[in-house]
Amino acid sequence: MIKLDQQGDFAIRASSSSTPQFISGYGVLSYNLTQTSSQNIPKPRNQTLGYGGDIIQGFTELDPMTLEAYPSTLVPPQAANKTRFLELKRLNSSELSMNANPFSPFLELGEPLLFNPSNADGLNQNLVPSYPVGTIVDMVIQLDGGGGGGLHPKHPLHKHGIKAWIIGQGPDTFTWTDVASAMREHPEYFDLNRPPYRDTFHAPDSAGSASWMVIRYVAYEQSVTFFQTFGGIAVALM
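Numbering (the numbering used here), first residue to last: 2 to 239.
In short, the hints are calculated from the structure, not lab data. One should not assume that every hint holds.
[As the list claims (entries may be wrong)] Keeping only pairs whose Cα atoms sit at most 25 Å apart, straight-line, the calculated PhoX-like set for lysine-lysine is:
1. Lys160 with Lys83
2. Lys83 with Lys164
3. Lys44 with Lys4
Turn these sequences into a full structure, and let the hints guide you.
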């Protein structure tokens, strides 16, 4: 933050260093009490980002997965009572899915599930997983490593509504029935003490080999929300 004791135009720069798209942009914050804003782009000072979204030498990119939840009392429940498995997979050169079936945009033409939840019974359950209010959900996200359709970069994932704790990730295939079983064999893959608590995060790399991650959240309220990235990779959570 900048203390409001100096007037002028200040460039606010943001970038994406995610593999699907390296990009950067800027906006101008003008704080000037005597005249209109300048139309010129402020010259960068101590610039950290290149125009392609790359980090300039001498600076370190923030890893959101190292950020602990705030306040410190915001910790995940130590056990879940529902485990769902999502397979993030490339079906062909232009189509991807999060759970065996791509989420077609034509589904948006139907009546919203929030208005008539019984409509979900007629939809593919891969696209509309459901559970009661109050359920503690573990969502295991499996990436196939490109074994039948291409490589996976670090997909940016966004969970609408309730945030989730990112409690674990590891290599290869998640072969256990639940997190408790996995933790007994590989506790080093998990953090239930101070994990990140986020609504947006990256899936792990799976360039040539499979990988997985687990998020945990509590369904506090009755709702229909979305968990998505791009290219048909989406499910509705009810």
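Evaluated hints:
1. For a cut-off of 25 Å, the pair hint linking Lys160 to Lys83 stands: about 17 Å separates their Cα positions.
2. In summary, the hint linking Lys83 to Lys164 is supported, as the alpha carbons are separated by about 17 Å, within the 25 Å threshold.
3. Between Lys44 and Lys4 the alpha-carbon distance is near 19 Å, which keeps this suggested pair within the 25 Å criterion.
Checked against the numbered hints given earlier, the structure satisfies every one of them.
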